[in-house]
Structure formats: structure tokens, C-alpha cells
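> Fit chain B to the known structure of chain A by using the hints.
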Amino acid sequence: MMTNHGNRLTQGQFSYLPDLTDAQITAQLEYALKNGWAVGIEYTDDPHPRNTYWEMHGIPMFDLKDPAGILMEINACRKTFPNHYVRVTAFDSTRGVESPRMSYLVNRPKREPGFRVVREERDGRNVGYTIHSYATDKPEGERY
Amino acid sequence: MSASEKLPLDLDALYRDSSVGASLEALERELIGLAPVKQRVREIAALLLVEKLRRSIGLQAAAPPLHMSFTGNPGTGKTTVAMKMASILHGLGYVRKGHLVAVTRDDLVGQYIGHTAPKTKEVLKRAMGGVLFIDEAYYLYRPENERDYGQEAIEILLQVMENQRDDLVVIFAGYKDRMDRFFASNPGMASRVAHHIDFPDYSEEELFAIAGLMLERMQYVLSEAAARALREYVALRKAQPHFANARSIRNALDRARLRQASRLFERRGGPLTPEMLSAIEDEDIRGSRVFNGAESRK
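Those protein sequences? They're chains A and B, same order as listed.
If you're matching positions, the first sequence starts at 10 in the numbering used here and goes up one per residue.
If you're matching positions, the second sequence starts at 647 in the numbering used here and goes up one per residue.
Pulled out of the complex, with its shape left as it was, chain A reads as follows (with noise of 0.2 Å):
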């Protein structure tokens, strides 16, 4: 993360390619919808790796037959939050699965600072490693 190249974040599917465009989400999407995957759209201006529950834009999206209707809730939370980090993930409620099978970021705010190596000094001369969002020194909302 820290040695990316442009500081681009890079969490979930097609991160090191170039931002999906409308047509890619939606061919995406429909992969999605064909297996029958309930799809969910999140947000976030706090983009630490271990942030792993993000804010919902809605309820996940059941019974859908085209990603018309997704890709219109995408452009609603891309309008509502131009900023912040929008995914979208893809739940597969199968039993045994029941868990995400995608999840692809759909909006990423227009500067990233990145994120620094955080150093602790512990007992014995010893170094923990942590990161820290360069973003989260400000408050919620006044981040990105």
C-alpha cells in the first residue's frame, strides 16, 4: 500500500487496473446477479485495510434480474458522496458460503494522501508496525 505507485488504494478486485467504467461495473454486475448474488452497495472515508465493515448505501439488493437498477443506486451514492471510497460487494447467502464473492471499488475520492508506517517503541527495544491513513488526522465527513 505504502510503496503504490500514485497512491492509489488498493483493496478488492481490479484494484491495479485503471477505475472501472460504467459498462465494465455493469458487465461485472451481471456476473453477479447470473449466480444469483445478492449485491450491496458501501462507503467509507476511513479506508484503513482493517476497516472491514463500511457504511451501507441501502440494503443489499435481492430478487434483481438486471444491473440497471444497481448501477443507478451506484450513481445515487457516487452523487451523495463524490469523495469517499464506494465499493460494491457481492453475497453469496449459498449455505456454507454466506459470505462476500466480490467486492470492487466503484468511486475513489480524486487526491489520496495514502498512508505512513507507524513505529512503536515496546518492552525490550522492540518495534510494532502498524499503518495510518493520512486522511483519518482529520474529522469524519472532512477527509477526502
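Simulated from the structure, these hints should not be mistaken for laboratory data.
Heads up, the beta-carbon is just placed ideally off N, CA and C, and yes, glycines get one too.
In silico PhoX-like links for lysine-lysine, alpha-carbon gap of 20 Å or less:
| no. | chain 1 | residue 1 | chain 2 | residue 2 |
| --- | --- | --- | --- | --- |
| 1 | A | 88 | B | 767 |
| 2 | B | 743 | A | 74 |
| 3 | B | 767 | B | 743 |
Which residues of chain B face chain A? A partial, calculated answer using Cβ under 8 Å:
| no. | residue |
| --- | --- |
| 4 | 743 |
| 5 | 745 |
| 6 | 772 |
| 7 | 775 |
| 8 | 810 |
| 9 | 813 |
Just chain B, lined up with the frame of chain A:
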């Protein structure tokens, strides 16, 4: 299709490639009567085919407005035609998936402030790529209650109908007079619904033919006397209140099956042939209270 003679090459090929022919034939075969409706459906299908052809050779062809309104009395086949319409539009590629989502006011309008918009959007999202069928659409608009949330649902519907014409087709259905009033009080809605199709009531002859078709599908056979009784039944039932065209006929046949079953059950022990199991007799039809009512009134 008459236009196919003028442009034998392209249009005919297009017609054969799409599954429209099969859908139109099914419409013709499975639906009795409804001549004006079939005519309109054929016209719409022809328009869409021609538009598609125009686009293929680069002529100006804006996506034609496809939202419709089906008006008619209960049991005249509005839902059935809507389903056929969905498969025709799918065959022509005007809707991507071709499924039908049938809803009423309850599915669109919420119970408290802020409940309606997500509910309506949920339904719209489910219908995308297919056809949204709103039964008894006039209940959405209740002028007597100014705080009714129906208006909110109408506004969201209008917005999506206008902006996402490629994504879904909306069909409104209901009684003719009430739908007319609904459109009169929602001019924005009226101007966005391109096709108004009126479903006529069935004649007695058509109802009898429908009964024949239903029995054939259920694999029952009418005896001659039973057929006579059914004709009389149709005439009597039609004159009674709450007559719901084909639906009443279906209910009558279901009850006849019930009586047939109990007749066979009472005579159990006797000989029973496969023919007897599928035969509907005179008495099964005449057992209906429609006949009693007629006699007692006389």
C-alpha cells in the same frame, strides 16, 4: 405481417430471427377474442421491428416510448397480455430480460413519511430489464387525502419512466373509467404513456370458447349435455353482478371439478373408467347456484 412483402429481405429476416413471431402466434392461439387488443399489439410489434431496421441502416430512430395503459373490466386478460407483451419486447431486444413484475399500490406506497421512496425504488430496481405491471394504478392517486403518499410514488415512477426508458417498460392497468380519471388528474403521467389499449368484454360465444380452452388445458372433457348446460350457465352468469369475464368462467369450472370429484367419490365401489375421471357431466354444471338463483327468481 403485411409490411414484409415490401421489404422481403431485411424485415422478414429480422422478424424470423426475433422470437416475436412465436409470441404473436401464442397470443393469437391462447387468447380468444380481444381483436382490438391483438391488433394494437401487432401494430406495436411492427413499429418496433421497423424502428430496429431503421437503426440498422443508420436512419434516425429514437427509442420509441413504450409505456402502456391497459384498461378493461376484470378478467379480460390484461395480465396475460402484459406477460405476452414482455416476451414480445424481449424478443425485439427492447427489454433486456423480459420478466414481468406485477405490483399494486401496496407494493409501491409506504405507510409513513420517508417509507415510500425506498419502497418504490426497490420495486423499480426489481423490474429493470423487464416490464413493471401496476394493477389498479388509479389507487396510487387519492385526491381526497392531500397527505397521501401515493403522489410521491407517482413522482418517482415518472422520473424513472422518463430517464430510464431503455431500462424498463411500465404498464398501468385498471377499470376504464377510473383510469381515465387517473390520467386526467395526472397530466404528466398521461403524456408519458404512449399506448392506451382498451380490453373489451367477452361475448357469450367467446366465453364458451375460453371455457373449452381451459378444460382442454386441464384435460377434462365436457359431455354433450354438459356443454349445453355450460352455455346456459355462461348466459345466466353474465347477467349477474360481479361478473369477472374469464375469471368467473375459470372459477365455475373449478367448482364443477369439485362437484365431479364428489360425485365420483359418492359412487365409489362401482366401476370407474379413465374416461369417467376426465368427464364433466351435465349435473356437475347444473349443480351451480347460478341455476338455482335463476329458477327461484322466475
